[in-house]
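Engineer: Residue-level listing of the chains:
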Amino acid sequence: MTEKELTIQSVLYRKKILQYIYQAKAGHTGGDLSCIDILNVLYNKVLRVSPETFNSPDRDRYVQSKGHCVEALYVVLASKGYFAEEDLNTICKYESHYIGHPTKKIKGIEQNTGALGHGLPICVGMAIAAKLDKKDYRVYTLLGDGELPEGSNWEAALTAAQYKLDNICVIIDKNQLQITGPTNEVCSTDPLPEKWESFGWAVREIDGNDIAALTAAFDALPFEKGKPSVIIANTIKGKGVSFMENQIKWHHGVPTEEQYHQAQHELDTVLQSLID
Amino acid sequence: MADQNIHTTSTSNQDIFSKTVEQLAATDTNIVVVTSDSRGSGKLVSFGQKFPDQHIEVGIAEQNLVGVAAGLASCGKKTFAVSPACFLTARSFEQIKNDVAYSNNPVTLVGISAGVSYGALGSTHHSLHDFAALRAVNNISIVVPADNFETAAAVAYAANCNTPVYLRFGKKAMPHLQETGKENFEFGKGRVITSGADIAIIACGETVAPALEAAKKLATQNIHATVISMHTIKPLDTNLLASVANTCKAVITIEEHSVYGGLGEACAAYLLQQGIHVAFKIMGIPDEYTVTGSQTEILNHYGISESGIVDAAVRLIQQKEK
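Protein chains in written order, with the working numbering: chain Z, 53 to 328; chain L, -6 to 315.
Just so you know, these hints were derived from the structure itself, not from any lab.
Every residue gets a Cβ at the ideal spot worked out from N, C-alpha and C, and that includes glycine.
Check each hint, because a few of them may be wrong.
[To be verified] Derived coverage of chain L by chain Z (criterion: at least 3 residues anywhere in the stretch with Cβ under 8 Å from a Cβ of chain Z; other residues may be distant): (1) 55 to 68; (2) 258 to 264.
[What the hints assert, rightly or not] If you only want the chain Z side, here are some residues facing chain L, beta carbon under 7 Å, derived: (3) Q163; (4) V176; (5) M178; (6) D259.
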């Protein structure tokens, strides 16, 4: 996909995310919208995995540590053909497999997540397995900045450096807001680049809502041979919908009918300008 | 009879675990052991020297230990995550629940120096909660081998199991419970060590040995006991349980665990719900600050000893006959 096609795709994904959250009356709207550009570039440009190769031992792995933003993952996986998009009409419905966090019951999802601070240790295990088996697959995990105080992340960061896992890539969706308030007011993890560097990681800080910046960062992996890589993706929570951007209440806010139509209208306007 | 069966050896179940894993690794490069600065207590120094690529060390970081193990297992590695049971099943409980059990990554969690093995080191180092905690987690088996034979068999079973297993044992040298060559281990099936019609003593792990000693003593009082090593606590061998509860006058369960939530309560719940009413006693560690002492002193203090089990058995049968 070209940069322009990816940019259009991001808008389409945002529209779908809102559609299914509005329909299910549940979802983590703000975080879905902050991380969707990352998922877009990963699945449409970077990951060497498809519905046909999903069971291959050689596939790239993506584990979504910030599991609550599952709606973003659902719409991307549906677009890649892992399952029929109409399945998403059952999100959070009785007996549906499409629950509010990722599960392996859905094709395309590597691991069950939801509790925070779990993705990175699992990915470290996967990356060690790749080294043991002399396979060249990469392992990617998306962490929210709000989940960084979980100590298990830092335990795993140490192991990744110890084992020189340059086949692992952490992406931090740094939207600077969590359910209680700004991350820096709740539990600051700044200065983030220095922290990761001191843990032995190679760091890049980019605009995480910029398709070109994301593509360039992923293309540059590993940032340093023999070191694990982390992309600090500065994003905007609620990105793409004016009244949702940087607003805490949209952490898991569900739009009213009026808000929903306004949001879709805004996105349609952007889409039209991109197509024209 | 029991007195012919017990042969003390100088080998702990932990030693047998490491020997067995070494044997498996010699022919299977997918065997991987993960430790959290626990290679010494896990008797895995030799393993690490012989199979350096198959030994992953994460340092003192038990949450990471289990998460990393889950990731390895998801990529087809036959993964043993080895750490003292007290830390493994408490510090990393959420990783066990989510990354191993819920995600069905077939890790073998190996809880070493379990129960009150650490004796006077105190409650931080005791694991008296692990059966209860893990029994309530879907998709993980709990196996507590009693002797070297059961340990070797359980390790071999777990290595090739496609669902998660919690394996738990101590560090004390253990006796052989049966004559070599006559042993039998089947996952999910209790092992009848000796048979008698008066009372069934259902034990697990290191408590099976004193149960057998007690059975020998009881026989001199004309009380004949069945002693079962109920090595698989989950799934429980309910057929065997029902069978002995229906034929014996009384049932005693024994475990190196809290009396809450472990083997005893698992048995009681099954029997009650089946309408099988039998004189019943759960022996274990009571819900109190555990007394200070060595493993043996602590177990003796709470009656998990030859004399303590004999007394409990006699009282239970007398109670039944009143």
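Engineer: Test coverage of the region 258 to 264 of chain L by chain Z using CB-CB distances below 8 Å; three residues minimum.
Structural biologist: That given contact is violated, which follows from only 0 residues of the region 258 to 264 of chain L lying within Cβ reach (below 8 Å) of chain Z.
Engineer: Please verify that hint: Z/Q163, Cβ, nearest Cβ of chain L, below 7 Å or not.
Structural biologist: Because about 5 Å separates Z/Q163 from the closest Cβ in chain L, which is inside the 7 Å limit, the hint holds.
Engineer: May I ask you to test the interface hint for Z/D259 with respect to chain L, counting a Cβ-Cβ separation under 7 Å as satisfied?
Structural biologist: Cβ of Z/D259 sits 30 Å from chain L, so the hint is violated.
Engineer: For the hint on Z/M178, does the least C-beta distance to chain L fall short of 7 Å?
Structural biologist: 4 Å, holds
Engineer: Can you tell me if the region 55 to 68 of chain L counts as covered by chain Z, using C-beta to C-beta distances under 8 Å and a minimum of three residues?
Structural biologist: holds (count 12)
Engineer: Against chain L, is Z/V176 within 7 Å by beta-carbon distance?
Structural biologist: Result: holds, 5 Å to nearest chain L Cβ.
Violated hints, listed in ascending order, are 2, 6; each of the other numbered hints is respected by the structure.
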